[in-house]
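J.: So you can see what is in the structure, the chains are spelled out below.
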Amino acid sequence: GQQLNQSPQSMFIQEGEDVSMNCTSSSIFNTWLWYKQDPGEGPVLLIALYKAGELTSNGRLTAQFGITRKDSFLNISASIPSDVGIYFCAGPLTGTASKLTFGTGTRLQVTL
Amino acid sequence: GAGVSQSPRYKVAKRGQDVALRCDPISGHVSLFWYQQALGQGPEFLTYFQNEAQLDKSGLPSDRFFAERPEGSVSTLKIQRTQQEDSAVYLCASSSRLAGVNIQYFGAGTRLSVL
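Protein chains in written order, with my numbering: chain A, 1 to 112; chain B, 1 to 115.
Note that these hints are calculated values from the structure, not bench results.
For every residue, glycine included, the Cβ atom is placed at its ideal position computed from N, Cα and C.
A portion of the hints provided could be inaccurate.
As the list claims (entries may be wrong) - Keeping only pairs whose Cα atoms sit at most 27 Å apart, straight-line, the calculated DSSO-like set for lysine-lysine is:
| id | chain 1 | residue 1 | chain 2 | residue 2 |
| --- | --- | --- | --- | --- |
| 1 | A | 36 | B | 14 |
| 2 | B | 57 | A | 99 |
| 3 | B | 14 | B | 57 |
Stated by the list, open to error - Among chain B residues calculated to face chain A with C-beta under 7 Å, some are:
| id | residue |
| --- | --- |
| 4 | 42 |
| 5 | 62 |
| 6 | 65 |
| 7 | 107 |
Go ahead and model the full structure; you've got the sequences and the hints to work with.
T.: What follows is the structure, encoded as structure tokens:
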């Protein structure tokens with residue numbers, strides 16, 4: 001079963017608002033990945049984080065690798081309608097090399 | 001092609017039928033992964049290939065599930081005697097090594113419905 005918990009589970013926001021979501025684990029991760037999935041599509045990589053404490057931006061998206069290596073945060077600034085979708089955190093568990101464990105997802109809906 | 005391609009996009013099977021799902025990875029990608037995504041859940045790992053070698057099949061839920069990649073490129077996931085609980089989206093991903101870390105790129109998936 002999945003070992004990454006995401007919150008909130010879902011959120012409704014207005015266009016232009018900032019969004020914050022997080023991902024926590026009982027296990028240590030050495031890499032954190034944030035993916036976005038649109039309906040009927042596969043997940044698309046948004047941001048990759050490789051070091052504890054790292055803060056990385058990709059346009060309006062900013063993500064941080066928690067210092068304990070057991071959590072990560074994703075922020076979206078000035079949301080727009082195309083930000084709608086499901087956001088997943090993911091990472092390879094220590095010792096598993098390549099296979100990814102995914103979080104439970106945060107569903108984002110943006111109203112005009 | 002430029003991305004990971006999966007076919008068919010949709011498959012409806014009667015319980016007990018065998019199905020085969022195809023994945024064309026990004027050209028040159030050595031690693032290939034299969035994931036199963038149930039409705040409302042995140043993807044869950046099924047199996048992993050490096051070239052033609054299946055290095056990890058720990059996520060396959062039963063011996064009815066079988067995957068192959070005979071020439072180290074295209075892969076097929078086969079499910080025998082399908083059951084209703086097999087209904088899910090099956091995602092394929094391929095990866096290249098970037099900055100020492102494998103980044104996985106996903107296809108659009110095959111949605112399997114077992115009636």
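J.: Per the CB criterion, is residue 107(B) less than 7 Å away from chain A?
T.: Nearest chain A Cβ about 5 Å off; hint holds.
J.: Would the stated hint for residue 65(B) survive a check requiring a Cβ distance to chain A of less than 7 Å?
T.: For residue 65(B), the interface hint is violated, since the closest Cβ of chain A sits about 15 Å away, which is over 7 Å.
J.: Verify the interface restraint on residue 42(B): the C-beta must sit less than 7 Å from at least one C-beta of chain A.
T.: holds (3 Å)
J.: If you draw a straight line from the CA of residue 57(B) to the CA of residue 99(A), is it 27 Å or shorter?
T.: Holds, at about 10 Å.
J.: Any CB of chain A closer than 7 Å to the CB of residue 62(B)?
T.: Nearest chain A Cβ about 16 Å off; hint violated.
J.: Residue 36(A) and residue 14(B): Cα distance at most 27 Å?
T.: Given that 27 Å is the threshold and the Cα spacing comes to 32 Å, the pair is violated.
J.: Does the alpha-carbon distance linking residue 14(B) and residue 57(B) stay inside the 27 Å limit?
T.: holds (26 Å)
Hint compliance for this structure: hints 1, 5 and 6 are broken, all remaining hints hold.
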